[in-house]
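Letter 118 of the sequence shown, counting from 1, is numbered 118 in full-length UniProt numbering, and no numbers are missing.
Read the hints as simulated data drawn from the structure, not as lab findings. Heads up, the beta-carbon is just placed ideally off N, CA and C, and yes, glycines get one too. Among the clues, some could well be false.
Pairwise CB distance ranges, derived in the manner of DEER restraints [claimed, not checked]: (1) D332 x Q423: 31 to 37 Å; (2) G258 x T15: 21 to 27 Å; (3) G419 x D458: 22 to 28 Å; (4) G330 x G367: 57 to 63 Å; (5) G367 x D229: 23 to 29 Å; (6) G35 x S78: 22 to 28 Å; (7) H406 x A232: 54 to 60 Å.
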Amino acid sequence: MSARYWPLGAGRIVTSGFGARPEGWHWGCDFGRDGGSGGMPVYAAQAGRVIYAGAASGFGGPDPAGWIVLDHPTEAGSGTTVYGHIVREVSIGQQVAAGQRIGHINPSSATNGGVAPHLHFEVHRSVWSSPGPDRLDPLPWLTGAKEPGGENMPADIPAPVPVTFGIDISSFQAGLDLAQVFREGFEFVIAKVTEGDYYRDAQWRGFRDATLAAGKILVGYHYVRGDCDIEAQADLFLSHIGDPSIPAMIDHEANSGGANVARAMVAALQRRGVHVGLTYLPRWYHGQIGSPDLTGLPPLMSSSYGANRAGYASAIYPGSNDSGWNGYGGLDVAIFQFSEAGRVAGRNVDVDAFRGTPDQLRALLTGDEEMPSADEIAKAVWAHRPAKPNGKTDATTGEMLGWTDHHAGLAVDQLAGAGSKDQPGDLDPTRWDFLADRSVPEALGLIGAKLGIPGFRDPLAGGR
């Protein structure tokens, strides 16, 4: 039998099988994986030639989003296979090997036909055919198929990193339809508020209100000017943002000054109750000012636009391993601006990516990253402690703190005298009568002095 491979790697699940569904007959099989499948690699089920690729009705677009159709010669197993809701990584006419990576699942419902990310896989008996008896149930056809990338690929391969897309706008994008932006799958907006101590962005309030009304994530940014007073810049930002609870970003580039100015700007905003969640200090400017240490500043938003990278965000996103994600100056990159020509709501706009979910981005921007509960902390600590004599193997936080306080008090009493642990403030030992009215350390000093041990002395000699 010719080589045949699963179209997704190990760990995949069937999200919708071939056959009857309430909305009608499903002429393929849908695959995904728990935890999200956007970005998962898609593999050729058999060797063949790419006969269709790119935008397709129902599967999304524009190109390279959409579908791939492979024609398989007889010696490779024959038939035709279809891969939908994907972003292609091969071209029409290209020959591909069985098990070769040919694309990835499109993570954006804006360009994948308006569906949750998954792979729609079809098998046609010979040539491509309309819905009917020449379309086969893929699961029996895949019986005995190999795992792509190796027959022994582990089943616990890590899930793909979720990606959240956003835009970066200012008054230059006046009139942008944010409702359409959000319908296209974008989850966050970074919008200009102010610049220096003199400029208020006229579009900020409209962008702010539309974003918040839609329940999306909003960041307001200030373009720092090195020739303007820092405190005056912070006052201007606070007066124009309208809501100081909105996370801020400093935009630190041409004419902004050195890293010391960036630190002063962040500090001035923080003194006014504004949480600064991001630093946009692009790599080119970092080099221009001498590549200083940036540690202590908020995480970076970086920018790198590639070679003529333009189009729909989900189609042109270069991936979570692109060099644009590499940090610098001692800071990590939290948001990557990967194109200044992303096609959004019919306009060309700066487009950004965050490696994570919208909730994770909110936590990062607000400084409210989820902490373990008190009981979770207690369980983690208890795992490293021996069981109590009564056999108890777990404890609440309150019990652990109570035991710690109790045991510490016993140690104080044993060393300083009965009841010493109950004293407020500075300790005044009550001492032990059987040690000649001394505490344990005082008694040890006397004994050492009597034995002539160098360095020992009676601390009470000459009275208290």
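Taking the hints in turn, this is what the structure says about them:
At roughly 49 Å, the beta carbons of D332 and Q423 sit outside the given window of 31 to 37 Å. Distance hint check: the CB atoms of G258 and T15 are about 52 Å apart, inconsistent with the given range 21 to 27 Å. Take G419 and D458: their Cβ atoms lie about 24 Å apart, and the range 22 to 28 Å holds. In this structure the supplied range 57 to 63 Å is violated for G330 paired with G367, their Cβ-Cβ distance being about 19 Å.
Between G367 and D229 the Cβ separation comes to about 27 Å, which falls inside the hinted range of 23 to 29 Å. Distance hint check: the CB atoms of G35 and S78 are about 35 Å apart, inconsistent with the given range 22 to 28 Å. In this structure the supplied range 54 to 60 Å holds for H406 paired with A232, their Cβ-Cβ distance being about 56 Å.
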